[in-house]
Every structure is written in structure tokens, then in C-alpha cells.
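Asker: Heads up: the protein sequence lines correspond to chains B and U, in order. In terms of my numbering, the first sequence opens at residue 1 and continues consecutively. In terms of my numbering, the second sequence opens at residue 1 and continues consecutively.
Note that these hints are calculated values from the structure, not bench results. Nothing here was measured: the structure is a model prediction, and the numbers come from that model. Where hints are given, some of them may not hold.
Which copy? The list can't say, so a pair holds if one copy fits it or any two copies do.
[Stated by the list, open to error] Below, simulated EDC-like cross-link-like pairs (lysine to aspartate or glutamate); rule was C-alpha separation at most 20 angstroms, straight line:
#, residue 1, residue 2
1, 69, 31
2, 69, 8
3, 51, 8
4, 69, 107
5, 160, 40
6, 160, 67
7, 85, 22
8, 160, 41
9, 160, 44
10, 160, 31
Number of protein chains: 2
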Amino acid sequence: MQRTSFRDMHCSLARTLDVAGEWWSPLILRDLFVGIARFDELQEDLGISAKVLSERLRALTRAGIAERKPYQSRPRRDSYVLTAKGRALVPPLLALMAWGDRWASPDRRPPMLLRHERCGRLMTAQVTCSRCGGDIVADEVTPLAGPGGARAAGTRVIAKMLAPAQPVREAGSRGPARHRATRR
Amino acid sequence: MQRTSFRDMHCSLARTLDVAGEWWSPLILRDLFVGIARFDELQEDLGISAKVLSERLRALTRAGIAERKPYQSRPRRDSYVLTAKGRALVPPLLALMAWGDRWASPDRRPPMLLRHERCGRLMTAQVTCSRCGGDIVADEVTPLAGPGGARAAGTRVIAKMLAPAQPVREAGSRGPARHRATRR
Numbered sequence: 001m002q003r004t005s006f007r008d009m010h011c012s013l014a015r016t017l018d019v020a021g022e023w024w025s026p027l028i029l030r031d032l033f034v035g036i037a038r039f040d041e042l043q044e045d046l047g048i049s050a051k052v053l054s055e056r057l058r059a060l061t062r063a064g065i066a067e068r069k070p071y072q073s074r075p076r077r078d079s080y081v082l083t084a085k086g087r088a089l090v091p092p093l094l095a096l097m098a099w100g101d102r103w104a105s106p107d108r109r110p111p112m113l114l115r116h117e118r119c120g121r122l123m124t125a126q127v128t129c130s131r132c133g134g135d136i137v138a139d140e141v142t143p144l145a146g147p148g149g150a151r152a153a154g155t156r157v158i159a160k161m162l163a164p165a166q167p168v169r170e171a172g173s174r175g176p177a178r179h180r181a182t183r184r
Numbered sequence: 001m002q003r004t005s006f007r008d009m010h011c012s013l014a015r016t017l018d019v020a021g022e023w024w025s026p027l028i029l030r031d032l033f034v035g036i037a038r039f040d041e042l043q044e045d046l047g048i049s050a051k052v053l054s055e056r057l058r059a060l061t062r063a064g065i066a067e068r069k070p071y072q073s074r075p076r077r078d079s080y081v082l083t084a085k086g087r088a089l090v091p092p093l094l095a096l097m098a099w100g101d102r103w104a105s106p107d108r109r110p111p112m113l114l115r116h117e118r119c120g121r122l123m124t125a126q127v128t129c130s131r132c133g134g135d136i137v138a139d140e141v142t143p144l145a146g147p148g149g150a151r152a153a154g155t156r157v158i159a160k161m162l163a164p165a166q167p168v169r170e171a172g173s174r175g176p177a178r179h180r181a182t183r184r
């Protein structure tokens with residue numbers, strides 16, 4: 001693959017795409033989430049060459065997102081499962097899927113439904129605020145400069161235009177907690 | 001770009017990636033969200049060739065995700081803004097960013113912070129259940145066959161392994177509502 005690496009960018013979206021955003025990778029993660037584990041089944045599901053699938057699985061494994069589990073020794077056959085790091089990617093992918101159901105579905109019929117076992121109901125993935133629990137709408141979110149930002153490739157203009165996060169709105173008891181807000 | 005199109009797959013994640021998942025596209029959407037609108041500023045921010053940026057902006061415009069707004073006529077200069085469809089992609093991208101803050105940040109210092117204007121606080125994007133509001137965890141979500149599923153390229157194995165959504169758990173008053181759950 002001849003592509004610019006996003007790894008060194010000071011942007012957590014770029015870093016996420018760097019390890020999980022190559023063409024096919026999100027669909028491989030989808031398959032692992034659904035429970036397709038064997039190399040040959042992944043290949044059959046996606047209709048992808050063994051070479052590309054191997055490359056992607058190697059990258060996902062190297063990034064600690066998937067784990068290889070041999071399930072047969074002679075001849076050796078591999079299966080793959082998501083790690084905790086990989087399982088943590090599933091909710092954002094389900095949020096992207098919900099967008100596709102709403103905005104990129106030619107017939108408005110969702111190909112996949114999701115049951116939330118905690119409440120037992122069919123649901124969609126929504127993106128909400130970690131502080132107030134309300135739905136996040138783009139117009140109501142203000143991006144601010146974070147402590148890890150830098151003026152470098154991939155964020156050259158962003159770095160100079162974002163306002164620093166002022167403690168003003170969270171003065172008093174919440175002051176020092178604001179930077180922790182982005183770390184779960 | 002020589003790549004398989006995901007457009008015809010019976011999968012809303014694949015369809016989302018098809019219109020917004022090419023290399024660079026999510027970062028262009030990030031920039032438009034942040035307020036970088038001019039072609040030359042996008043190019044400076046990302047360190048990307050004019051050719052690649054034009055291609056991506058054309059694809060995003062064609063998909064109805066971004067809109068071109070000329071801001072100068074002689075010589076003509078273009079700027080771009082997100083449409084409603086594009087703004088709806090921002091929350092899922094913020095959820096991917098939150099994953100990067102947590103799992104792909106070498107120094108654990110978030111490059112960007114987000115203030116939710118509705119509650120006034122610094123927050124992260126969380127993915128929650130549209131029905132009970134609880135956090136979504138991969139292990140607590142069961143994928144089921146949806147009405148738009150098909151056994152075709154990209155979902156050959158998935159289509160035969162997913163159980164159909166049974167009305168059992170939502171019998172009675174909620175029965176017919178279950179398919180609507182995925183349409184907002």
C-alpha cells in the first residue's frame with residue numbers, strides 16, 4: 001500500500017485510521033465482531049484475496065486489535081478474535097453503521113439489526129456526551145486545543161486556529177478535571 | 001484509486017466507508033467540522049496534493065456530504081462546508097477519535113478537546129443504546145439479520161449465520177416497532 005501514514009499525526013482520529021482504517025479493515029473487524037473467526041470464512045465472506053486479507057490481519061494483530069488463535073495444527077489453520085482494544089472499536093463502527101442505515105441505504109432496509117442484551121431490545125448506536133448524556137450534534141460541539149496538539153503534518157492549520165481550553169466554564173471544583181475528561 | 005467498491009454490499013458500514021472511508025476523507029471531514037473551509041487551507045493543513053484533495057472533495061460533494069461554496073470569483077476560489085448528511089457523520093467520527101485518545105495515543109495527551117455547548121462541559125463522545133441509553137459494549141450486542149440483508153459479495157457468510165430478528169422479546173405493543181428502531 002502506497003499511502004501516507006497517519007501514525008505520526010497529532011490527531012486521535014488519524015491515529016485510529018492508521019491502525020484500523022485501511023480499505024477492508026473495518027469490514028474485517030465487523031466480521032470478527034459478528035463471530036466469523038476463520039481465515040477461510042473471512043475470505044469467503046468478503047470476497048477478498050488471501051494476500052490482502054493476510055496483510056490486513058497482520059496489521060490488525062500487530063496493532064493489538066485482533067489476536068491469532070490457531071485452531072488446527074496439521075495443516076495449520078488460523079482463526080482470529082478481537083482483543084479488548086479491538087472490541088472497544090466496535091461501538092464507533094456501529095455508530096458508522098447507523099449512519100449508513102440512515103443516509104446511505106438505497107432501500108431504507110437495514111441489512112443488520114442489533115439487539116442490546118442489557119435491555120433486550122433492538123436498537124441503534126447513538127453518540128452521546130460523556131458528561132450530560134445528551135445526543136451529540138455537530139453544531140453543538142466546539143473543538144478546542146488539547147495538550148497533545150502540535151503544528152505538524154496533518155494538523156498545520158488546526159493547531160493554530162483552535163482556541164485553548166479555558167478553565168472558565170469549569171472553574172472551581174471542576175478545573176483540574178477537564179483534561180481527564182478525554183481519558184476514560 | 002484501484003479498490004473494490006463497497007457501494008453494492010448489503011452492509012451499512014460498507015456503504016458508509018464507500019462514501020466517506022477513503023484514505024484522507026475522514027480527515028477532510030474533521031477539518032470541515034473544525035471550520036477549515038478553503039481549498040488552500042485544507043491542503044496546507046493536511047499536507048496533501050491538490051490532485052488528491054480535489055478527488056476527495058469531489059467524491060464527498062457527489063455523495064452529498066460536503067457542498068462547494070465559491071468565495072471569490074476572479075480567480076475563482078472554492079470553499080467547502082458540510083451538509084446535514086455530512087454533519088451527521090461528525091458524531092461517529094468523534095467516537096473514533098475518542099477511541100484513538102484512549103487506545104492509540106502514544107503520550108496519553110489528547111490533541112483535541114471537545115466542549116459540548118448544550119451542557120458547557122468538556123466531554124468525550126460515547127456510543128450508547130438508542131433504547132435504554134446505556135453504554136454499548138461489544139459483548140452485549142447481538143447482531144441479527146435485517147430486512148435488507150443478502151448473501152452477496154461482502155456478506156456471503158454473515159448472511160447465512162445471522163439469526164433472524166425474532167419478535168419474541170418485543171412481543172405485544174412493541175412488535176411492529178422493531179424494524180423502525182434502526183431508522184431515526
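Asker: A separate judgement is required for each hint: does it hold in the structure or not?
Answerer: We went through each hint and held it up to the structure:
1. For the identical chains of this complex, residue 69 and residue 31 are intra-copy neighbours only, at 16 angstroms inside a copy versus 39 angstroms across copies, given an alpha-carbon limit of 20 angstroms.
2. In this assembly of identical chains, the alpha carbons of residue 69 and residue 8 never lie at most 20 angstroms apart, being 30 angstroms within a copy and 32 angstroms across copies at closest.
3. In the homo-oligomer, the alpha carbons of residue 51 and residue 8 never lie at most 20 angstroms apart, since the shortest distance is 26 angstroms inside one protomer and 23 angstroms across protomers.
4. Taking CA atoms no more than 20 angstroms apart as the test, residue 69 paired with residue 107 passes in neither setting, with 38 angstroms inside one copy and 30 angstroms between copies.
5. In this assembly of identical chains, residue 160 and residue 40 lie within 20 angstroms of each other by CA distance solely across copies; the values are 15 angstroms between and 48 angstroms within a copy.
6. Within a single copy, residue 160 and residue 67 get their C-alpha atoms no closer than 40 angstroms, and across copies no closer than 24 angstroms, so neither meets the 20 angstroms cut-off.
7. In this assembly of identical chains, residue 85 and residue 22 lie within 20 angstroms of each other by CA distance solely inside one copy; the values are 17 angstroms within and 23 angstroms between copies.
8. For the homomeric pair residue 160 and residue 41, the shortest alpha-carbon distance between copies (12 angstroms) is at most 20 angstroms, but the shortest distance inside one copy (48 angstroms) is not.
9. Taking the shortest Cα distances, residue 160 and residue 44 sit within 20 angstroms of each other only across copies (12 angstroms), while inside one copy they are farther apart (47 angstroms).
10. Within a single copy, residue 160 and residue 31 get their C-alpha atoms only as close as 40 angstroms, which misses the 20 angstroms cut-off; across copies the closest is 13 angstroms, which meets it.
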